[in-house]
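These protein sequence lines map, in sequence, to chains A and B. The first sequence begins at 1 in the numbering used here and counts up one residue at a time. The second sequence begins at 1001 in the numbering used here and counts up one residue at a time.
Do not rely on the hints blindly, as some may be mistaken.
[Unchecked claim] No farther apart than 20 angstroms at their CA atoms in a straight line, the calculated lysine to aspartate or glutamate pairs in the EDC-like style are these:
id	chain 1	residue 1	chain 2	residue 2
1	B	K1390	B	D1356
2	A	K44	B	E1198
3	B	K1154	A	D9
[Unchecked claim] Output of the computed footprint for chain A on chain B, the stretches with three or more beta carbons under 8 angstroms from beta carbons of chain A:
id	region
4	1036-1046
5	1223-1235
6	1357-1367
[Claimed, not checked] If you want the footprint, here are the derived chain A segments under chain B, 3+ residues with CB under 8 angstroms:
id	region
7	14-21
8	34-40
9	43-54
10	63-69
Think of the hints as simulated: they come from the structure by calculation, not from any bench. Remember, it's a predicted structure, so these values are computed and weren't measured experimentally. Here a beta-carbon is modelled for each residue, glycine too, at the ideal position from N, C-alpha and C.
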Amino acid sequence: MPEEKLTFDDALVQLETIVQQLENGNLPLEESMKAFERGVELGKFCNEKLTSAEKKIEMLTRQPDGTANVQEIPFPVDQQ
Amino acid sequence: MQPQSLAQRVFSQHDPKTCWTVSEVVSWLTQVIKQDMPNAFWMCGELVLTAKQASTGHLYASLRDESGAIIPLVYFNGMQAIRKDNINSGDKVFAYGHLDIYQQRCTVQFQATRIRRVGDTGTLTELLRKTLAKLAEEGLTDPARKKPLPRYPKRIGLVTSPSAAGYRDFLYTCLSRAKNLTFLLAPSKVQGKEAPTELINAIRLLDDYGKCDLIVVTRGGGGAEDLWCFNDEALARTIAATKTPIVTAVGHERDTTLVDYVSDLNAITPTKAAEIVTQELFLANQALQNFSQRLTRAMTWQRQNLRYRLEQCLRARHLTHPQEIISDRKIRLANDELRLVSALPHRAKILRSRLDALWQRLLTTHATKLQRTKTRLTALETALRTLDPKGVLQRGYSILLDDENHAIREAKDAPPGTHLTALLQKGTLDLQVAKKKTVSTNNESIELSLL
């Protein structure tokens, strides 16, 4: 699967098409198995794209020598 | 991103039934507009009020520019606001709002929530008005130079103070809508004398670092003095000059600062900014979850359906009890044999009874015919016996014959002297006619004498 060239939006649209095809229930078993597998791959791909960033906070500061310094900092206490 | 079901729909040029309904087209258009346009933005143009204004206080107008391009504008309860600011038809204005489609007429219109005369900054001081006018003159407020926000940001640069109220609001609103975002905080004071410089440095630091998808400059509400640093001209110029798309969200809904005019997007609160920058991620994630669920459900359904059908087939008696196929055949064979065996005597019986019947008919017919013949014969015999002349002789009559053996019927046939022979029951008499007596013409008698 040439996933490198696939954009998130394209993958999502493809996934939706597959879902609709499967929901229509007109596909023979073999084809729907293939479609399903493809759908799972696309879903995984999309999910990875959505969650490929880590949930974290980093602090960017400039050091005295002018270089940038990045260090992870804790989340503030959620008061809500 | 909304599911693009309509755009995806297969339609055929030969089959009008695959058509879209008018409202589908309109809602698709609405969707397309909402997809590609920011939630809200400033638009600049000449305000043209429609001749007739509704008494409801809503403002109906158009915005138009030098090229003649024109967009209908509606500003609910806007009449009072523009009267207060003494804005008239023909004024060049900034209008803040969003695009929408008026479904009944399928017309695109701009729904304004704020209108300001260009150069008129509302709550800003005269000095700020001049600064803004200068920036506008340089084109820094030009909507056309505003950079589009990334649809799916992963790393968000944040310029604020970790102690500011807006910091927490922004973070948690983002994370409630999109997981796994990375925030790169460039801390800065957000009020006070040093704030402009710190803000400028933080923005430049993030922009130069270059690894953020967008930068958000934010702080929560405060007094006008607290927000004053965001009216700094150098800060505004820095914001206008960033390579990275930049969002400002300073104060609360009523607060507008200089930076809001030059940033790529101006959100009214930190929370709102978080919602806007994560909107596409949020929708995409929803769509993805939706599709994933439906994918599994559709597949499960199909499998269950096929399995059910398979089980129905497997449950067929001949598959579960194959020996019954043979025993069924055996039973049928035995049955056929039985029918064959019992059929033969039956047939013979039928033939026999037919034969008997025929024989019976033959016999009956024959006997009847014989009887009839016998009866006829007897009748003939009787008739014959009656006709026998000798019968008459037995009863005592006699017959007279002449010499030529002709029976004498009339007296005139036997003149006197004629020789006659009388036949009696037993024997004959030879006679001679003696005389003839005439009784009447028709009744003659003769008198005979024995020879």
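ask   = How about the region 63-69 of chain A: do at least three of its residues have a C-beta closer than 8 angstroms to a C-beta of chain B?
value = violated (count 1)
inquiry  = Taking beta carbons only, do three or more residues of the region 43-54 of chain A come closer than 8 angstroms to chain B?
reply    = With 9 residues close enough to chain B, the hint holds.
task = Decide if the proposed pair is consistent with the structure: K44 of chain A and E1198 of chain B, CA atoms, cutoff 20 angstroms inclusive.
result = Not OK: K44 of chain A and E1198 of chain B at ~42 angstroms, beyond 20 angstroms, violated.
ask   = For the pair supplied as a hint, K1154 of chain B and D9 of chain A, is the alpha-carbon distance within the 20 angstroms limit?
value = Distance ~15 angstroms between K1154 of chain B and D9 of chain A Cα, so the pair holds.
query = Does the region 1357-1367 of chain B contain three or more residues whose Cβ lies closer than 8 angstroms to a Cβ of chain A?
reply = Check failed, 0 qualifying residues.
ask   = In terms of beta carbon proximity below 8 angstroms, does the region 14-21 of chain A have 3 or more residues touching chain B?
value = With 6 residues closer than 8 angstroms to chain B, the region 14-21 of chain A meets the three-residue bar; holds.
request  = Check whether three or more residues of the region 34-40 of chain A sit with their beta carbon closer than 8 angstroms to a beta carbon of chain B.
outcome  = It holds: at least three residues are needed, and the region 34-40 of chain A offers 3 whose Cβ sits within less than 8 angstroms of chain B.
request  = With a cut-off of 20 angstroms on the C-alpha distance, tell me whether K1390 of chain B and D1356 of chain B pass.
outcome  = Between K1390 of chain B and D1356 of chain B the Cα gap is close to 51 angstroms, so the pair fails against 20 angstroms, i.e. violated.
query = Has the region 1036-1046 of chain B got at least three residues whose CB is nearer than 8 angstroms to a CB belonging to chain A?
reply = violated (count 0)
key: Outcome, coverage hint (the region 1223-1235 of chain B, chain A; C-beta under 8 angstroms; three residues)   = Three-residue rule not met by the region 1223-1235 of chain B, so violated; n is 0.
In terms of the numbered hints stated before, the structure departs from hints 1, 2, 4, 5, 6 and 10, listed from lowest to highest.
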